[in-house]
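Chemist: So you can see what is in the structure, the chains are spelled out below.
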Amino acid sequence: MVENVKELLKLHEGITHEVYLDNENSTIVPQEVVDAMLPYYNKKAYGNPSLTHKPGWEAFEVIMGCFSKISHFIGAKNLEEITFTPSETEANNLAIMGSCFAQKAKGKKIVISEIEPINVLQTAEMMGKFGFSTQKIPVNAEGFINLEKLKEAIDKETILVSIATVNNEIGTIQPIKEAVDIVKAKNPQVLFHTDASDAYGRIPLNVRNLGVDLATVSSYKIQGPRGMGAMYLREGINLERILEGQIGTQKLWPGVENTPLIVGFTRASELAFSDFEGNIAKMRRLRDKLVDGIFAELSDLRFNGPKGDKRSPDNANISILRAEGEALTIELSLKGVYVSSGSACSRRLLQPSHVLVAIGRVFEEAHGSLLMKTTRSHTEEDIAYVLEVLPTAVNRIRGIVGSTGVH
Amino acid sequence: MSRIPLPYNPKVMDLFRNPKNLGKMDDATVVAVAGNPACGDMITFYLKINDQEVIEKASFESYGCAANIATSSIVTEMIKGMTLEAAWKDITWKKVTEEIGGLPSVKFHCGVLAVGALKRAIRQYYAQRGVEAPAWLSKEHTFEEKQALEEEELARTLSKRMKPEAER
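Residue numbers (our numbering), protein chains in the order written: chain A, 19 to 425; chain B, 2 to 169.
By construction, these hints were calculated from the structure, which means they are not laboratory data. In this text the structure is predicted, and so the values were computed from the model without any measurement. Beta carbons are placed, not taken as given, at the ideal position from N, Cα and C, and that holds for glycine. Treat each hint with caution, since some may be false.
To be verified - Quick list of simulated restraints, FRET-style, between CB atoms:
1) B:Lys25 <-> A:Val20: 32 to 40 Å
2) B:Lys25 <-> A:Lys28: 49 to 57 Å
3) A:Glu170 <-> B:Glu154: 34 to 42 Å
4) B:Lys96 <-> A:Asp327: 54 to 62 Å
5) A:Asp318 <-> B:Pro8: 27 to 35 Å
6) A:Asn43 <-> B:Ala134: 46 to 54 Å
7) B:Glu78 <-> A:Lys325: 40 to 48 Å
8) A:Glu166 <-> B:Asp28: 30 to 38 Å
One chain only, chain A, in its complex shape (with noise of 0.2 Å):
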């Protein structure tokens, strides 16, 4: 299996321009961002925090002042508020299941989205095991809840909702201000939940100004190293711990803090926040040059997600009709543009992305997803590459397809 790797990538070389547009699933890591950690392995502050000797002392003062940084970053009242976790998927399986064990005694019902990412859809559903329940909330044609069902939903066995701010697949922007107020004005115990990490660095974020109790964001999102997320949890709420081990300087994540890691992480968020108007502005320009360069030169194309300021600046994502998405990232790999699809070809008859179907699509539109997330790190001549490279890529693929399954 190696060998044929070490063949496949052979294939790339010679290759002379490379846009990376996969953000959604890892992210290049800009070197402002690693020379900011390089020195906490082992030229200064490599010690455990907790412990009473200058390496761990050191270690507690740069780790206290990213706790602060964060939580200044994220709108959160104080550092206390925050917890770092190895990422994402970590953050939100401890609001989930710290939130319902923390709460069993009040009632078993969790309220979801249809389209929440993976790590929350399948730790919601897990809670089964514990005699919990989980009901999802649909979604239009954009991905937008519908706030009607969501009210319909909430009752007095309800303890949790959980709504991403911004859905990853197809950049949504939800209404969770509103949300969260419709939830607790019907049962003011529930606890609610966003999943923050495709806002943060995207959209403006306030977690009290949103009014949510727990919140998560994530490195890696935002052009950070991978391993690093964070949870916010409102002062004055209990949860429980998930993992136990020894406690250090966050009472609900057990285990030696990574103090290079969080640092990159709090380099990154510096660096997305410096000039954010800006950084966003251009996220929004490169994705919408993009997406209409793409439109410009090919037909029969959806559109997955809603149009204008209502969709995350940096989100693309396009089915390609009459191309299936895993051939499509193949031969665009081969041209040196990186790419993911919500197609379901890696199994037999597995199920294509939840997202699109709960959008309506048709399973076909999902197979020929292509999901593209501009950063502020792409250049005007990355995405000119892009569209001289993409349109001929999808019409060697529709010229193997050919008439097959149009109907």
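Once you've looked at the hints, dock chain B against the given chain A.
Modeler: Chain B in isolation, oriented as in the chain A frame:
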């Protein structure tokens, strides 16, 4: 999201990049289809069969992943010049997978679907001519044909499960 880093071998990649016998055949004797775009997997085979029941030409079109394209292409290569009887008896999905140098296990079904389409084409040839099928042509569906049917049935179920606008 499809994220398994499928380590296709060089032969699969070569046939994906430069598929052999690609395209519609206007003078085909039989045209057979297997799979369904809803499953992300569909193949059309075009066979030109002469009076001696020899496959003179074969071509394909494919809606699917790289493995689907490559296995379809290699089947058209393998059956060229074969009698229908030999193609029926000798071409199995295991043989196709072997011929292509192996596939990731999650892609075995691509070879199965390609052979399912081929067997359908052969069956169709006799049905189309209205002659009695030869003794070697089993009345029972072969494994590959059954799998193709199963996939198509599932596609129908999946489509039914899609919710109408009113329910959203």
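Chemist: Now tell me, hint by hint, if it's right for this structure.
Modeler: For each hint, the structure was consulted:
no.: 1; hint: B:Lys25 <-> A:Val20: 32 to 40 Å; verdict: holds (39 Å)
no.: 2; hint: B:Lys25 <-> A:Lys28: 49 to 57 Å; verdict: violated (33 Å)
no.: 3; hint: A:Glu170 <-> B:Glu154: 34 to 42 Å; verdict: holds (35 Å)
no.: 4; hint: B:Lys96 <-> A:Asp327: 54 to 62 Å; verdict: holds (57 Å)
no.: 5; hint: A:Asp318 <-> B:Pro8: 27 to 35 Å; verdict: holds (31 Å)
no.: 6; hint: A:Asn43 <-> B:Ala134: 46 to 54 Å; verdict: holds (51 Å)
no.: 7; hint: B:Glu78 <-> A:Lys325: 40 to 48 Å; verdict: holds (46 Å)
no.: 8; hint: A:Glu166 <-> B:Asp28: 30 to 38 Å; verdict: violated (59 Å)
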